[in-house]
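Trainee: Each chain, written out:
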Amino acid sequence: MLKIPPFVAAAPLGRRLTARDDNQGLRALGKVGPLIALVAACVIFATRSDRFLTGDNLSIVLQQVMVVGVIAIGQTLVILTAGVDLSCGTVMALGAIVMTKLAAELGVSVPLAIAVGVGATTLFGLLNGLLVTRINLPPFIVTLGTLNIAFAITQLYSNAQTVTDLPEAMNALGGTFSVGGTTVVYGVVVMLALYALTAFVLRETAAGRHVYAVGNNPEAARLTGIATPRVILAVYVLAGVLYGIAALLSVARTGVGDPNAGQTENLDAITAVVLGGTSLFGGRGTVLGSLVGALIVGVFRNGLTLMGVPSVYQILITGILVILAVATDQLSRRGAR
Amino acid sequence: MATANATALVMEARGLVKRYGHVTALDHSDFELRSGEILAVIGDNGAGKSTLIKALSGALVPDEGEIRLDGQVVHFRTPMDARRAGIETVYQDLAVAPALSIAENLFLGRELRRAGVLGSVFRMLDKKRMREDSTSHMRELRIEIGSTGQAVETLSGGQRQGVAVARSAAFARHVVIMDEPTAALGVKQSSMVLDLIRRVRDRGLSVVLISHDMPHVFEIADRIHVARLGKRIAVLNPPKISMSDTVALMTGALTPDQIPPDALA
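Chains Y and Z, in that order, give the protein sequences.
Per our numbering, the very first residue in the first sequence carries number 2; after that it's consecutive.
Per our numbering, the very first residue in the second sequence carries number 32; after that it's consecutive.
These aren't lab readings, by the way, just hints derived from the structure by calculation.
A portion of the hints provided could be inaccurate.
What the hints assert, rightly or not - Which residues of chain Z face chain Y? A partial, calculated answer using Cβ under 8 Å:
1. P129
2. L139
3. E142
Claimed, not checked - Just a few of them, taken from the derived set where beta-carbon distance is under 8 Å, the chain Y residues facing chain Z:
4. A214
5. N218
6. L224
7. T329
Positions of the beta carbon are idealized from the N, C-alpha and C atoms, including for glycine.
Isolated chain Y (complex conformation):
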């Protein structure tokens, strides 16, 4: 059964059982397309700005994408099951406020504060997952609701004040080390490690393949004995854990707990996933694609800034890229189902 993401305009879904697949070329493009786009963007910016291709600048790009990059891992898992999580950035902000408030104002030890913060985002993941699997509500609506709930709790708990004067240990992941003269932030290493781990689980384990099966054809997955609701619930809970880790990275990067953080990440994470070639219809895509997608957004912002292009054009270009990516996905599906 096809599940149509409610935020994608209904498009004709050809369902010719006997048709041979004549869209393999387009589907292959969908797989390597994001990487080509990323390389092309890098080449263009390298010719336009001398500073673009320096180690320090690329290190800055990575720092800029590390928070949205980790959120996008959770978002990828959710979208692979044909769901979507609109609450991701806001839930991350809640986690950041909880851990910074506990550590800075209530004198809770840093590891415990972090654990409670990650616990809070995990609880929101659990709530999303339970509402989707137990009450069968559409993920779009559930996470639209939890987006607002998490935002309100964050504002109330923080009195809409930024939490400052954090203990030094809270910012540990913002520290840097040097590789061949280029500074690398620890948080970037954490992000890359999480991508590697998730890619491994999705590709090489039964649990990972079940995520694809559930998103691709939930009825077939159920009939083969896969506990479909359990897979979906696990995916939302894991996404919650990842938002908690993203919260820690966000705190480490900015040095504060910001109650208004995460609002651009809500949609940027979805943008990264879609640009990375993951289908909003579920069941297709890769988590490494989402890393490429996040980097595309990061490279465009960075490169256009270096070229002195006003930031509003960066938003314009991101919008066009998203539509191009979804159109490619949609066209590659036509006639293939």
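Got chain Y sorted already, so can you dock chain Z onto it with the hints?
Mentor: Coordinates of chain Z only, in the frame set by chain Y:
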């Protein structure tokens, strides 16, 4: 009906009843499946054939009656229970995940893991062995496909149904139930799937085939179970009865006592 035959019964149901509110979908229906046969189940819409099949495959629990598998009474509460007992079901067109490969579909929900630490601790799949096993299994059933690593969506409708049938045949120990396996297929692909169903039977499995397509039923069924108004009204012996009499029985234009005795099986 269907008495005094020495052939062993693989599966048997007596007095199955299933009510939905005021509607009685199954009204004391009986069912008998012999070892190594293809039994077609036919009936008009609302005759209760899909309810019967759901009861046999564990998709629903009957209100009354009992089901025996190899003589033992069984109680299926979920399709998984039936599968564990060795009964596999091929559903019309919902049974494959198009984006996954043939090998992944064959082993979906029953994946093989690598030996040693890689499998037990890292939970790594043994993709190579699953591909090899799939290839030899597909070859054995003479389903022609390129590589078992290719996505199911690159296959024709007949080949996709072939994958679904192959999966059931691979894991069934007693019975394969097929619900309208040729409904969505063209002429050539249908005959390919019918051949495949024969090969599944020739491997010693018993096949229950639900179909609306009388020529297909007459082409491959060893016996025909006719359902009407929630009951089994007759079991027919296809060479001894015409297609038009069979349809007349199904629709109630003929009653079983108007059928020559040797046409009953």
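Trainee: Of the hints stated earlier, which fail here?
Mentor: Going through the list in order, the structure violates hint 7 alone and respects the others.
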